[in-house]
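First to last, the protein sequences are chains A and B.
No gaps in the numbering here: position 345 of the first sequence is 345 in my numbering, and each next residue is one more.
No gaps in the numbering here: position 217 of the second sequence is 750 in my numbering, and each next residue is one more.
Wrong hints could be hidden among the right ones.
Unchecked claim - Per the computed footprint, the stretches of chain A lying under chain B, defined by three or more beta-carbons under 8 Å from a beta-carbon of chain B, are:
| hint | segment |
| --- | --- |
| 1 | 335-341 |
| 2 | 344-352 |
To be verified - Beta-carbon label-pair distances, calculated as ranges:
| hint | chain 1 | residue 1 | chain 2 | residue 2 | range |
| --- | --- | --- | --- | --- | --- |
| 3 | A | Q401 | B | E769 | 45 to 51 Å |
| 4 | B | E658 | A | F268 | 58 to 64 Å |
| 5 | A | Q401 | B | R754 | 55 to 61 Å |
The set of hints was computed from the structure by calculation and includes no laboratory data.
Where is the CB? At the ideal position from N, CA and C, for every residue including glycine.
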Amino acid sequence: MSNTANRARILYHLVRADFLERVRRYSFLLTLGISIYLGYASVTGRLAMRFNDSRGIFNSAWIGGQMALISATFLSLAGFYVVKNTIERDRLTRVGEILASTPMSKTLYVMGKAISNFVVLAAMVGILAIAGIIMQFWHAEDPHVDLWKLLAPFLLIALPAMAVVASIAVLFETIPGLRGGFGNVVYFFIWSLALALPISTAEKSGGYSFDWSGLSVIWDSLRNAANVPRDHSSFSLSIESASQTHSGVTFLWNGVQWTAGVVLARLFWFLVAIAFAFLAALLFDRFDPAKGGLRRAAPARMPIPADQPENGPLVKPTYATVSLTPIRTRQEHFRFGAILLAELRLLLKGQKWWWYAVAVGLIAGCAAAPDASARGMLLACAWFWPILIWSKMGVREIRDQTSQLIFSAPHPLARQLPAVWLAAVLLALITGSGFGGRLLFAGDWRGLLAWLIGALFIPALALTLGVWSGSSKLFEIIYTLLWYIGPMHATLQLDFMGSAPETPHTLIPAFYFVLAAAMIAVAFLGRKRQLQT
Amino acid sequence: MKLLIDGVGKQYSGKLWGLRGLRLELGPGVVGLLGPNGAGKSTLMRILATVTRASEGRVLWNDSDIAQSPDTLRAVLGYLPQDFGVYPHLTASEFLEYMAAVKGLDPNSARQRIDELLAVVNLAEARDRALGGFSGGMKQRVGIAQALLNDPQMLIVDEPTAGLDPEERARFRNLLSELSGERIVIFSTHIVSDIEAIATDIAILGGGRLLAHAPPEDLLRAVEGKVWEWVIPSAEMPVAKQEFLISASARRSDGVHIRIVATERPGFGAVLAVPTLEDAYLHCISSQRTSAIA
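Start from the sequences and build out the full structure, keeping to the hints where you can.
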């Protein structure tokens, strides 16, 4: 067999094994669930594309365009988190060490993983394509299905975008700093920036740059069809009610004119994806533990006893009689403080000095900022800073394989779990103390209560999502979204921190208090379930 | 101090039974739990350690059902699982302090106990180093130390010598032997030599069922007159392997010295040998397989 054929065979089996391993896991149901939900939301009109506040008649072109854009925007976020675990899985299962000992090159391995990611994302896009066909029959505004007009946007808009996401996911996994929770948070900001960038450059310079999502292809086509200048057109992809979807003006759009230039511009993103994969291959550590993210000390070499020279004659080992002080009294009253401190210590262990420096800076900033809005913004930052600490709650025992040790200790449900939560609440109170202190000194009791509820809510959310998902990822994604839309963009309903001056005067803190209590109960149920398996 | 395992079974998904109808009564001493891979040893250990629940039957610790009130046992339990992890950023002593707090030990007793245990498991020098840099054997010794933190009345150790070098294995056996006085120690392994010196009782599991439970002397008595030593030419070895249950073999200048467990003399020149626990164990496992095939 030639080298090329052999490499192709290896690549095929790598992609196949990885894909089968993914689809046979329960988590793949989540993947399907995301696609099916997006498809359902589109079919029923909850997720709609609009141009100048009107929408196109539901023909193949409009539906294909809308669905492809949904893929390129929403799936590029959710899909990244779905696929960013392929190398991690090989690392955790230790299959990676076996693979590393084979002649397979780093490039081949990383390419295989990127292709496997792409196949999973393409499957998600495929579900949306099927939903698109259903959608056309559902709305029945144009009974004629034009397969090319329906599917071309999937092939030329959605799939190149998915290829880029697939490669970036692998790239993140090969960079130690981006492999974990920090990478999950960083991607969210990269994603939001990458979606906004082509629009803002178009507004400034009139031309698109870095339009990986294909937004401009649809927008330009719509603008040309409507004969509207760019600065007089607005374009949105939004969640709305079914009645909104059927209201308003409709127009006929016959789809994108797929000129050679447009097609080549879209195919270019496949090349970008390949470039990212090559970069990932360069950075990939080939499962060498010495190059891992965690700085491991060299395996310890036990000191040689003084009476046994290293190269001298062997001395028969002697075993001293074991002398252990018996524990005569077993405690009647459990010291909750001891376990709380132990959990707090565990929570903060491994943080570098600069983490504490930034936390102190944010506390001081909150305490010193004269303006209430600025203070609120600083509180949002102070309560975003420990996100990677909170995200380990409820997950640590599984991730570090200590569950059998912890769960066989007395009262794991009544003592250890509350201690985990309260330690995290303490961390929230400390990191948010600059804001809370100001409220206390000002005698703003309503504000203080809202702030306190925020300190209870965040750890409750982290613990519940951690216990039930068994992964840090879900909290990192959901909390970042909540934080970004809520406190950072002053969306009052999502201001769970009480950071906006008007929040304490609404029922919003009461809502988050009830939600926190409910989530704690759900976390307890989840842990109880883990204990009873 | 009494542990009663009464008709315990564990069913996994797909109607597969990992353990079935197990009955054992244990008192102070070291019980060696032997069995081939997949015999149900780790499943039983997890049930006894309250980590998982039995699908049928019950386990009574001093007449209290551990499924109903697991914390009664957990307060006096030391458990070393077969596969376990540690928190990589904590040092050995910090990890033990954490485990002591989780087990509800008062800080003063815990500190003293940790110092002593780190010395006992030969990790005093490495106590302030992050566990992430520990070798497999060193992590195993941290696991042994955490299991002994609360001076347990019942100590469950599942394959505890895995990953230990010969010197550390001997040290661990010595430690267990000295600790075994007034407590129940359940020591699961498939390495017979690990327990033959210290076990007061042996329980042999096979195919999820209890095949034997007796003192080592009784098990040895059962194979008396059934263990043979025989020297055969190397060319006859493949045939001997097919015909007999061979518990050991060694090539020498005069041929292959083999040790056979059989009710009748296997051939001319075979002489009776003093049975070992390994012979008794193989005999028991082989009898179960023969009856299962029949």
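To see whether the hints hold, each was checked on the structure:
Only residues whose beta carbon comes within less than 8 Å of a beta carbon in chain B count, and the segment 335-341 of chain A has 4; three or more means the coverage holds. Residues of the segment 344-352 of chain A with a Cβ under 8 Å from some Cβ of chain B number 4, which satisfies the need for three, so the listed coverage holds. In this structure the supplied range 45 to 51 Å holds for Q401 (chain A) paired with E769 (chain B), their Cβ-Cβ distance being about 48 Å. Look at E658 (chain B) against F268 (chain A): about 59 Å separates their beta carbons, and that is inside 58 to 64 Å.
One distance hint, 55 to 61 Å for the beta-carbon pair Q401 (chain A) and R754 (chain B), is violated here, with the actual separation near 42 Å.
Checked against the numbered hints listed earlier, the structure breaks hint 5 alone; every other hint is satisfied.
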